[in-house]
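There are 2 protein chains.
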Amino acid sequence: MTVGDALGQANSPLPPSRKGVLYGVGLGPGAPDLMTLRAARLIADADVIAYPTLAGGESFARAIAADVIPQGVPEIVMDVPMTVARAPAQASYDSGAAEIAKVLDSGQDVVCLCEGDPFFYGSFMYVFARLSARYDVEVVPGVTSITACAARASKPLAARNERLTVLPGPLPEDELRNRIDGAESVVVMKVGRHLPKIRAVIAALGLTDQAVYVARATLEDEIVLPLADAPEAAPYFSMILLTKGADPWL
Amino acid sequence: MTVGDALGQANSPLPPSRKGVLYGVGLGPGAPDLMTLRAARLIADADVIAYPTLAGGESFARAIAADVIPQGVPEIVMDVPMTVARAPAQASYDSGAAEIAKVLDSGQDVVCLCEGDPFFYGSFMYVFARLSARYDVEVVPGVTSITACAARASKPLAARNERLTVLPGPLPEDELRNRIDGAESVVVMKVGRHLPKIRAVIAALGLTDQAVYVARATLEDEIVLPLADAPEAAPYFSMILLTKGADPWL
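Chains as they are written, first to last, in the working numbering: chain A, 1 to 250; chain B, 1001 to 1250.
Just so you know, the hints here were simulated from the structure itself, not pulled from any lab data.
Where hints are given, some of them may not hold.
[Said to hold, decoys possible] Label pairs and their calculated CB-CB ranges:
no., chain 1, residue 1, chain 2, residue 2, range
1, B, Asp1067, A, Pro235, 32 to 40 Å
2, B, Gly1057, A, Glu184, 24 to 32 Å
3, A, Gln210, B, Ala1098, 27 to 35 Å
4, B, Thr1208, A, Val84, 33 to 41 Å
5, A, Pro74, B, Pro1088, 57 to 65 Å
6, A, Ser106, B, Pro1226, 43 to 51 Å
7, A, Ala66, B, Lys1102, 40 to 48 Å
[Claimed, not checked] Cross-link-like lysine-lysine pairs, in silico, DSS-like; alpha carbons within 27 Å at most:
no., chain 1, residue 1, chain 2, residue 2
8, A, Lys102, B, Lys1155
9, A, Lys155, B, Lys1190
10, B, Lys1019, A, Lys155
11, A, Lys102, A, Lys19
12, A, Lys190, B, Lys1155
13, A, Lys155, A, Lys190
14, A, Lys155, B, Lys1102
15, B, Lys1155, B, Lys1197
16, B, Lys1019, B, Lys1155
17, A, Lys155, A, Lys197
18, B, Lys1190, B, Lys1155
19, A, Lys19, B, Lys1019
Using N, Cα and C, we set each Cβ at its ideal position, and we do this for glycine too.
Build out the structure end to end from the sequences listed, making use of the hints.
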């Protein structure tokens, strides 16, 4: 089924025998007006919305979409505990997926809110894995944090035939070193508490002067700094851009 | 200057002494409703728009934005010849940048239309390189083709601590082989006439069964197929997704 078909069905009354459609909707990096027109329309027309929260905190995804969420629409909250053990998080996605499935079985659609892009390091993948075999799922891509950070840092990510490598900050120090060394453009995501380790790796490779630190890109409290000037403590939503190769003149 | 400040200025009359702002606006992968709310507002309010065309053909960027471009707004067209030599393309960006600079000097803003994201393999980088030292430039990120293709193929790109590697299809065969081998999630962009070479590399690595071919994602004539079933001839706007590692259960 194409996105167009799905939208058409979402906008017309569903026969009772028809299952609802699950939409995984990317909301972009944080500024509400960086969500797509399609995302805004799907949320405004939603029967039911769903989103994750971390350890009972506020949902970043819900905060991005707040202005377009209809008054009084039912909300399915998946509270994901922050534990090293995986079972508690799996259990919360299991029960969230079961709640969503009930709504879909009733013929109503569910719009699952996803910060950034649903398939780019997004928690929607865990909902998708649990429901995609049984229900129609439409994923609406969103602006990722990597191009948002590049825009805010005025650093082109990759041009022409350059390679781009995206590395999660939690990777072990030696793996980070090996992957950054010999790469071209590099983005290190999910910096957070891994900043000292990542900074040491980049310094050891002599690349600190080419590195930019960006935290909470496009939000009110955004920070864009040369890595050398970055604070000691970084939030989870921060990254480091290392663009070595761009040839701006084409 | 923050995006917010820039938007504020764009919406208020500029004193004659004030230079205009150049906006590099990402439009997403092709479906018009995958442009961001900010992109749509900036284009609708534009004093002047600018965009590239390839060898006198239609501009894909302009086609994506067609419904929101104001009637009669002045348009600066940068016609980029498709030549192996780089000088002709450089010359067209030089003259395009000079035209844009004239408008900015007059105090008017220019909205440069960019398919996908301006800093992700985007031609806007060549305009940016020519003007960013002299003018305020605001880059508005857009949905990239890689997350759009992943959404349409129902293939998560990367989760948790997976690495993602983006490779341009024109890279030499041995470099493609070395970079794909030992990578985790891989996206090969700009497939086009390089499809036979890329297909051979992926087959030699025994990864054909994990590879998906996506062409013109989100457009009417979109194609999503297992790589084994891909046509012989691929358009420029096509890519191959190789997602090896995703652990969907968290």
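Hints versus structure:
| no. | hint | in the structure |
| --- | --- | --- |
| 1 | B/Asp1067 / A/Pro235: 32 to 40 Å | holds (38 Å) |
| 2 | B/Gly1057 / A/Glu184: 24 to 32 Å | holds (30 Å) |
| 3 | A/Gln210 / B/Ala1098: 27 to 35 Å | holds (30 Å) |
| 4 | B/Thr1208 / A/Val84: 33 to 41 Å | holds (37 Å) |
| 5 | A/Pro74 / B/Pro1088: 57 to 65 Å | holds (58 Å) |
| 6 | A/Ser106 / B/Pro1226: 43 to 51 Å | violated (34 Å) |
| 7 | A/Ala66 / B/Lys1102: 40 to 48 Å | holds (42 Å) |
| 8 | A/Lys102 / B/Lys1155 | holds (24 Å) |
| 9 | A/Lys155 / B/Lys1190 | holds (21 Å) |
| 10 | B/Lys1019 / A/Lys155 | holds (22 Å) |
| 11 | A/Lys102 / A/Lys19 | holds (10 Å) |
| 12 | A/Lys190 / B/Lys1155 | holds (21 Å) |
| 13 | A/Lys155 / A/Lys190 | holds (19 Å) |
| 14 | A/Lys155 / B/Lys1102 | holds (24 Å) |
| 15 | B/Lys1155 / B/Lys1197 | holds (23 Å) |
| 16 | B/Lys1019 / B/Lys1155 | violated (45 Å) |
| 17 | A/Lys155 / A/Lys197 | holds (23 Å) |
| 18 | B/Lys1190 / B/Lys1155 | holds (19 Å) |
| 19 | A/Lys19 / B/Lys1019 | violated (55 Å) |
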